[in-house]
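**Student:** Listed here are the chains, written in short residue letters.
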Amino acid sequence: MSRQSWVAWLYVTPLMLVLVPFFLIPILVVLVASVLETDGFGGLIPTFTLANYVGVLTSAQTFHLYAATLKFTALTWFFTLVIGFLVAYFLVFHVKNQLLAISLFLICTVPFWTSNIIRMISWIPLLGKEGLVNSALLGTGIIREPLEVLLYSSVAVVIAYVHQLTIFMVVPIFNSMARIDKRVVEAALDSGASRLDVMRLIIIPMSKSGIALGSIFVVSIVMGDFFVVKVMSGGGSASVVSAFYENVGVLQYPIAAASAVLLTVILIVVISLILRAVDIRREITQ
Amino acid sequence: MTAVLERLDVPMVKSRRHAAAPRSDRRPWTFYALATVFTLYVAALYGPMICIYILSFQDVRGGLVFPMKGHSLHWFVDLFTQVRTGDVKGSFDRSIKLAVLVTVITLVVSFMAGLAFRRRFFGDMFVFYLMIGSLVAPGLVLGIGIGLLFQWLGINASWYTSALGAQLSWTLPFGVLVMFAVMSRFDSAWQEAARDLGASRWQTIRLVVIPILAPGLVAVALFGFTLSYDEFARSLQTAGSLNTLPLEIWSMTLNVTSPSLYALGTVTTIVSFVAIGVSIGAIVLINRRRGTGPASH
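Line order of the protein sequences matches chains Y and B. Per our numbering, the very first residue in the first sequence carries number 1; after that it's consecutive. Per our numbering, the very first residue in the second sequence carries number 287; after that it's consecutive.
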């Protein structure tokens with residue numbers, strides 16, 4: 001190792017002192033716990049077993065949970081991508097005044113720094129049976145009976161996710177779009193490209209890294225979430241992680257650990273598929 | 287620029303020379319369509335939050351939905367005096383202390399890691415992927431891992447040990463990524479100049495690097511504070527017997543159905559807004575002082 005590497009390692013030592021005991025080792029602990037037996041009281045018996053995995057992989061419940069989680073992930077990903085892309089595109093290419101664009105961008109990012117839980121709860125006065133949306137729809141005569149599917153349902157779960165996570169699409173897409181040289185677009189238009197061509201051949205390919213980064217955030221957060229599903233579905237739906245939370249509640253650590261390992265493997269596969277499309281590190285450090 | 291076009295491999299529309307009509311400065315219809323999308327997005331972003339702030343100012347008859355029933359500060363008083371809503375005051379106190387602690391550590395550690403990552407070094411990708419892994423790992427899974435680890439080691443989980451570490455595993459990757467963005471605009475020639483003029487390594491960092499990077503460091507601090515203050519999933523299994531504020535809110539969502547829940551939402555959002563306001567104010571102030579000072583760049 002060169003001297004430069006030694007100095008660099010000196011600088012990343014504090015970071016490693018957090019990541020190793022609070023990320024790497026805990027993940028290994030979960031991995032180990034997933035192949036141990038439980039004594040039924042929250043303790044673990046050090047005997048190797050694959051029964052936890054067999055249990056998780058053969059249960060029909062696992063299949064349903066993954067189906068539900070993947071459904072939420074796909075819907076959330078789609079809506080956050082469409083909205084995030086349009087918002088970022090508007091800010092970068094339609095707002096000509098730079099200062100205004102940055103101010104509007106900041107307005108979009110401020111809620112990111114506030115509590116997710118509170119933002120989720122804030123849908124209750126709107127979506128509830130006597131909420132604003134129902135009152136408005138009843139008032140205008142579009143519906144006769146209040147819609148009950150709005151709150152404590154899959155609809156509410158997706159709304160809450162999209163509300164919380166669109167920002168994770170807006171920021172990286174905005175960043176990669178802001179780096180597109182406007183002269184490239186001008187040149188394309190001058191040589192006769194339609195605005196659709198510009199979108200298809202310049203803007204979308206050049207925003208790819210932002211889209212990938214945003215997708216990683218959205219997918220990993222939705223797949224790892226249990227809080228939104230638990231509260232917003234009113235107990236009606238479950239996700240992989242919420243089932244796992246129930247297991248922990250009754251001290252079934254090995255089963256929970258096995259299902260956590262399975263989830264992590266699936267997450268890693270999804271993320272590496274996204275990463276194959278773009279070199280994220282180059283994009284971030286550039 | 288041709289290089290850019292070549293790299294993109296754009297089939298540069300040779301076949302379509304016909305459309306070279308002069309472009310007018312009039313805004314295309316997409317501007318209005320997208321402006322509408324943007325407005326609706328911002329309305330949906332803030333609308334619900336504003337609703338609960340308004341609803342938290344109801345009087346004692348207040349419920350969870352509109353219409354407003356009177357106005358008073360009843361639910362705010364209720365929040366901090368009632369025992370049945372739990373230990374709001376204590377958890378608020380702990381959350382603030384924890385957030386300050388996390389902010390300081392995040393700032394120092396991210397800054398150092400940012401310095402290291404300016405050049406490639408042996409094993410840099412390992413550290414990088416470890417960080418990304420820590421960022422995307424499901425919070426609850428990590429929380430349980432940390433909880434089990436502490437159990438095996440025979441250490442009691444508490445908010446200032448296990449929860450502190452759990453939160454750092456979440457705030458540090460954000461902090462370091464922000465530092466990457468900040469560092470990418472830092473010209474190391476300034477640092478070399480300082481070294482050439484005889485500054486020691488520490489003087490260079492204190493008198494050159496830190497002042498130049500100050501606005502970025504404020505942004506890192508903002509991430510550290512707010513992400514810790516609102517962190518939930520990783521703290522759930524690691525905070526031990528005493529709750530932090532988000533954990534308190536979580537237990538309230540399960541058993542409190544009065545506007546005191548909204549009042550708590552209003553209070554915690556005010557704290558977040560103060561943090562955001564102070565940070566943005568600090569960045570503006572730093573930039574303004576630079577604009578007028580002799581060292582402007």
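Please keep in mind that the hints were generated in silico from the structure rather than gathered at the bench. Note that the coordinates shown come from a computational prediction; the quantities given were computed from them, not determined experimentally. C-beta atoms are modelled at their ideal positions from N, C-alpha and C, and glycine is treated no differently. Take these hints with a grain of salt, some might be off.
[What the hints assert, rightly or not] Reference listing, derived: stretches of chain B covered by chain Y, where coverage requires no fewer than 3 residues with Cβ under 8 Å from a Cβ of chain Y:
| id | stretch |
| --- | --- |
| 1 | 378-385 |
| 2 | 489-503 |
[What the hints assert, rightly or not] Here are the simulated DMTMM-like pairs of lysine to aspartate or glutamate, each with C-alpha atoms no more than 25 Å apart in a straight line:
| id | chain 1 | residue 1 | chain 2 | residue 2 |
| --- | --- | --- | --- | --- |
| 3 | B | Lys375 | B | Asp410 |
| 4 | Y | Lys208 | Y | Glu246 |
| 5 | Y | Lys71 | Y | Glu148 |
| 6 | Y | Lys96 | Y | Glu246 |
| 7 | B | Lys355 | Y | Glu130 |
| 8 | B | Lys383 | B | Asp373 |
| 9 | B | Lys355 | Y | Glu148 |
| 10 | Y | Lys129 | B | Asp373 |
| 11 | Y | Lys182 | Y | Asp197 |
[What the hints assert, rightly or not] Incomplete in silico selection of chain Y near chain B, CB under 7 Å:
| id | residue |
| --- | --- |
| 12 | Phe23 |
| 13 | Tyr66 |
| 14 | Leu70 |
| 15 | Val82 |
| 16 | Val87 |
| 17 | Leu132 |
**Student:** Each hint needs a verdict: does it hold in this structure or not?
**Tutor:** Results for each hint:
1. 378-385: With 0 residues closer than 8 Å to chain Y, the stretch 378-385 of chain B misses the three-residue bar; violated.
2. 489-503: Coverage by chain Y is violated here, the residue count being 0 at a Cβ distance below 8 Å.
3. B:Lys375 x B:Asp410: 43 Å, violated
4. Y:Lys208 x Y:Glu246: Judged against 25 Å, a Cα distance of about 38 Å means the pair is violated.
5. Y:Lys71 x Y:Glu148: 21 Å, holds
6. Y:Lys96 x Y:Glu246: 51 Å, violated
7. B:Lys355 x Y:Glu130: Holds. Lys355 (chain B) to Glu130 (chain Y) sits at ~14 Å (cutoff 25 Å).
8. B:Lys383 x B:Asp373: Holds - the C-alpha atoms of Asp373 (chain B) and Lys383 (chain B) are around 16 Å apart, at most 25 Å.
9. B:Lys355 x Y:Glu148: 24 Å, holds
10. Y:Lys129 x B:Asp373: 31 Å, violated
11. Y:Lys182 x Y:Asp197: 15 Å, holds
12. Phe23: Holds. Min distance 4 Å.
13. Tyr66: 14 Å, violated
14. Leu70: 15 Å, violated
15. Val82: Check failed: Cβ of Val82 (chain Y) comes no nearer than 9 Å to chain B, outside 7 Å.
16. Val87: It holds, given that the least Cβ distance between Val87 (chain Y) and chain B is near 5 Å, below 7 Å.
17. Leu132: 6 Å, holds
In summary, the numbered hints that this structure violates are 1, 2, 3, 4, 6, 10, 13, 14, 15.
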